[in-house]
Amino acid sequence: MKQASAVLSVKNVTKRFGGLVAVSNMSFDVAEHEMVGIIGPNGSGKTTMINMISGVFAPTDGRISLRGRLISDAAPQIIAREGVGRTFQLVRLLPGLSVLENVMAGAVYGHKRRWGRDAEDFAHSVLERVGMDAMSHAPVSSLTYIDQKRVELARTLAGEPKVLLLDEWLAGLNPTELETGIELIHNLRNEGRTIVMVEHVMDAIRSLCDRCVVMSSGAKIAEGTTEGVLSDQDVIRAYLGDDDA
Amino acid sequence: MLDILVSGLLLSGTYALVAMGLNLQYGVARIMNLANGEVLVLGALAAFWLYTTAQISPILTVILVIPVAFIGNWLIYRFLLTPLVRRSKSQGALEVDSILATFGMSFIFIGIMVSIEGGFFFYKYLSEPISILGSTTSLNRLVAFLLAVLIAAALYIWLHYTRPGVAVRAVSVSTEASGLVGINVPRTSALAFALGGTITAVGGALISTFITLDASIGVVFTLKALIIVIMGGVGEIRGAIVAAIILGLVETGVATLVDPGLTLAAAYFIFVIILLFRPQGLFGRRAV
Amino acid sequence: MKPATVQELIWAGVLVALAAFWPMMSNGYWLGIGVDVMMYTALATSWMLFSGPTHYISLASAAFFGVGGFVVGSGMSDYDASFWSMLALSAVIGGVLAALIGLATLRLSGVYFVIFTLGLAEMIRNLVSWVQNNFLGSRGLYVLTDFTDAHLYWMLLVTAGCVYLLGWIISRSRLGFALRIIGGDETVARHVGINTATAKVILFTTTGVFGAIVGAIIAPRWSYIEPNQVFSPQLSFFVVIMALLGGSGRLWGPVVGVIPFLLIWNWVDSNFSNQSILVLGVAFLVIVYFLPHGFVGRIEQLRASARGRS
Numbered sequence: 001m002k003q004a005s006a007v008l009s010v011k012n013v014t015k016r017f018g019g020l021v022a023v024s025n026m027s028f029d030v031a032e033h034e035m036v037g038i039i040g041p042n043g044s045g046k047t048t049m050i051n052m053i054s055g056v057f058a059p060t061d062g063r064i065s066l067r068g069r070l071i072s073d074a075a076p077q078i079i080a081r082e083g084v085g086r087t088f089q090l091v092r093l094l095p096g097l098s099v100l101e102n103v104m105a106g107a108v109y110g111h112k113r114r115w116g117r118d119a120e121d122f123a124h125s126v127l128e129r130v131g132m133d134a135m136s137h138a139p140v141s142s143l144t145y146i147d148q149k150r151v152e153l154a155r156t157l158a159g160e161p162k163v164l165l166l167d168e169w170l171a172g173l174n175p176t177e178l179e180t181g182i183e184l185i186h187n188l189r190n191e192g193r194t195i196v197m198v199e200h201v202m203d204a205i206r207s208l209c210d211r212c213v214v215m216s217s218g219a220k221i222a223e224g225t226t227e228g229v230l231s232d233q234d235v236i237r238a239y240l241g242d243d244d245a
Numbered sequence: 001m002l003d004i005l006v007s008g009l010l011l012s013g014t015y016a017l018v019a020m021g022l023n024l025q026y027g028v029a030r031i032m033n034l035a036n037g038e039v040l041v042l043g044a045l046a047a048f049w050l051y052t053t054a055q056i057s058p059i060l061t062v063i064l065v066i067p068v069a070f071i072g073n074w075l076i077y078r079f080l081l082t083p084l085v086r087r088s089k090s091q092g093a094l095e096v097d098s099i100l101a102t103f104g105m106s107f108i109f110i111g112i113m114v115s116i117e118g119g120f121f122f123y124k125y126l127s128e129p130i131s132i133l134g135s136t137t138s139l140n141r142l143v144a145f146l147l148a149v150l151i152a153a154a155l156y157i158w159l160h161y162t163r164p165g166v167a168v169r170a171v172s173v174s175t176e177a178s179g180l181v182g183i184n185v186p187r188t189s190a191l192a193f194a195l196g197g198t199i200t201a202v203g204g205a206l207i208s209t210f211i212t213l214d215a216s217i218g219v220v221f222t223l224k225a226l227i228i229v230i231m232g233g234v235g236e237i238r239g240a241i242v243a244a245i246i247l248g249l250v251e252t253g254v255a256t257l258v259d260p261g262l263t264l265a266a267a268y269f270i271f272v273i274i275l276l277f278r279p280q281g282l283f284g285r286r287a288v
Numbered sequence: 001m002k003p004a005t006v007q008e009l010i011w012a013g014v015l016v017a018l019a020a021f022w023p024m025m026s027n028g029y030w031l032g033i034g035v036d037v038m039m040y041t042a043l044a045t046s047w048m049l050f051s052g053p054t055h056y057i058s059l060a061s062a063a064f065f066g067v068g069g070f071v072v073g074s075g076m077s078d079y080d081a082s083f084w085s086m087l088a089l090s091a092v093i094g095g096v097l098a099a100l101i102g103l104a105t106l107r108l109s110g111v112y113f114v115i116f117t118l119g120l121a122e123m124i125r126n127l128v129s130w131v132q133n134n135f136l137g138s139r140g141l142y143v144l145t146d147f148t149d150a151h152l153y154w155m156l157l158v159t160a161g162c163v164y165l166l167g168w169i170i171s172r173s174r175l176g177f178a179l180r181i182i183g184g185d186e187t188v189a190r191h192v193g194i195n196t197a198t199a200k201v202i203l204f205t206t207t208g209v210f211g212a213i214v215g216a217i218i219a220p221r222w223s224y225i226e227p228n229q230v231f232s233p234q235l236s237f238f239v240v241i242m243a244l245l246g247g248s249g250r251l252w253g254p255v256v257g258v259i260p261f262l263l264i265w266n267w268v269d270s271n272f273s274n275q276s277i278l279v280l281g282v283a284f285l286v287i288v289y290f291l292p293h294g295f296v297g298r299i300e301q302l303r304a305s306a307r308g309r310s
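Residue numbers (our numbering), protein chains in the order written: chain F, 1 to 245; chain P, 1 to 288; chain E, 1 to 310.
Think of the hints as simulated: they come from the structure by calculation, not from any bench.
Be careful, since some hints might not be right.
What the hints assert, rightly or not - Taking lysine-lysine pairs in the DSS-like style, the calculated list, with each CA pair at most 25 angstroms apart, reads: (1) Lys162(F) <-> Lys112(F); (2) Lys2(E) <-> Lys162(F); (3) Lys2(E) <-> Lys89(P).
To be verified - Negatives, chain F to chain E, calculated, CB over 12 angstroms: (4) Phe17; (5) Val56; (6) Val84; (7) Glu183.
Said to hold, decoys possible - Chain F residues, not near chain E, derived (Cβ > 10 angstroms throughout): (8) Arg16; (9) Ser54; (10) Ala75; (11) Gln77; (12) Gly85; (13) Arg86; (14) Glu101; (15) His111; (16) Arg129; (17) Asn187; (18) Glu191; (19) Ala219; (20) Thr226.
Built from N, CA and C at the ideal position, the CB exists for glycine as well.
For reference, chain F alone in the conformation it holds in the complex (with noise of 0.2 angstroms):
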């Protein structure tokens, strides 16, 4: 019997393309404010899982659950309204709108929503909360990449969502900007979230996830908690190949 306090729960789930068998049987759970990292080596199939759990396509076999309600099946739009938020790989901001105009789209379609002053309000209320509210009237095209970056989180955040999905947020920063990234998400997670997030940044990983679950070619190698994983044979050898295991 599956733990009812999982608030994201991944079962059984396969993606093919055609022939190629992009995740294969994968399971796992997210429970309430947790911090959960999927790690594995490039191409192992993990923003695919992301795209899965956000909806961009459906699984080929197997189900996605959240609180309890099927959702693997169901378009980005009713996934993003259930409760699922997501940042994207390359950062993706809506060009011809300013800073407050991004965020704002993420309060207004979430499942609060808000509209009119309400939304600005909240809009500036979760800008502040990244440090960006000083830019809110700024073109998009002017930002930084960090700046960028925690725009796209912002908006992700107004949606008041109860998974939040990162797919590399980290990734691209300079170390500067990664200090404040990272400390950034600490704080996300200090606020009780429940979060789960594909990563490479190793510190990150080890600094921030309660538990991770390690992919390699599709498939799920081990899970458990960070420091236990990231010791783990198998997980050397994906990464760095057999001879140094």
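Position chains P and E relative to chain F; hints supplied.
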């Protein structure tokens, strides 16, 4: 019934050829060319005009059309469309720009053609009846079909067994990856666009031998070619051939059994079915 | 499209009020131009409501317009229905037709939509002619009313005003904001919880409704209606050119495109009627190569650079 089969099949030969032309332009050069039908009619006008003024056989015109159409289409791509490709930030923006630009070109072509010949391009060439499998049709249809098949086969061989042909196919799969392996993408795209336009114009010259066209009919052919390309799957030559046969048969069937005025409606009917149930085309793979 | 301001609405109201006096100041040729201007303003503005934010190029205007004209013609001459009831019916049919087309095509990329709408008017014309020839027996339809050009002008002015008002309301609504997001990045739109297909279908339906209404109102101008006349594919291209010439950034953009284009077109058409189609071609090329954001974009660019200099 046999009549429908024979004339439908003969018609589909030229349809497939024209759709291959559009496929090269859209699948490789990434330009949705809505002036495609007008290029076809230009080819038809050349055949008509040379035949009525100088008694030059349309078969000879086909050969004459090739270099002219190739250079013309290459110039269009190089000077009118390349700036759009360069300035576009996304495939979507390029699509909108190229749609509008090629609309503009199509109207300019129509304007030019109307000033040359405002009426129907009517002429008789090889119109004597012949009998195939017990069904009567005209010789020009058969000749056009055979030439279309010949050209399509040559194109297929070129695409699969020559270096530039393989480059063209590579660009159709991925412009980025092709660039990385050392294919000159802008040049290959220009080549594909020019070649596509040439094939379309040749198709037009062939069609004009058995269908009477006029300057403003181009849009109908654009639409048919597009429906064939979508039905077959973008970049799919096999698909285009099958789709052309389906369209040719359905159109001929509707025209003989119901009403010749409803051929476009029949094409639309197929189009709707495809959009609803198989938008990636009969042979296309679903985009990820 | 940015949310329209109250100030803009007031200006629009003043303009509509002033425009209402046009039939008193003109007649014949200039009143006819006025009717054309109002007709295309309504069509282009409603086109812009949908295509401006979504970047889907609709060439369906002629189809909806034709449906409107044909419903009025058929109802009044075959069934002795009143003009007003047929006007209402055509709005419903136009809306339903648009919704069906939208449901079939708007899930897919813009190319499919353009292609589908490209031959739509022609296809419907063929179908209507076929039905008429085979089942109804008559070819032409009579629309006999007491309306003068001035009446048509006022009706179209009201329609154009309604389109503007609807656009104004939408641009300040949740739906309008959703459309701006869809125009920016459809993937993001879906992931923030917007049902993108529904938003697009709703907007496209309004285009269908207004297209049919305009077609219905224009029908009495011809008194005798043939399918060939009301389903003229050229109208769709006119609408696109006028709307894009004006510019898609603002609700009032299309008006700025309609008037100059109509004046140029009429001049060319009466002096060099054989070459008039070239004007369409040149207009498209001018838009793509020189005015990608229309007059409105140019005006705002000039304003911005003036501000930058001072």
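Next item on the list: Any hints from earlier that this structure breaks? Give me their numbers in increasing order, please.
Entry: 2, 5, 6, 9, 10, 11, 12, 13, 14, 15
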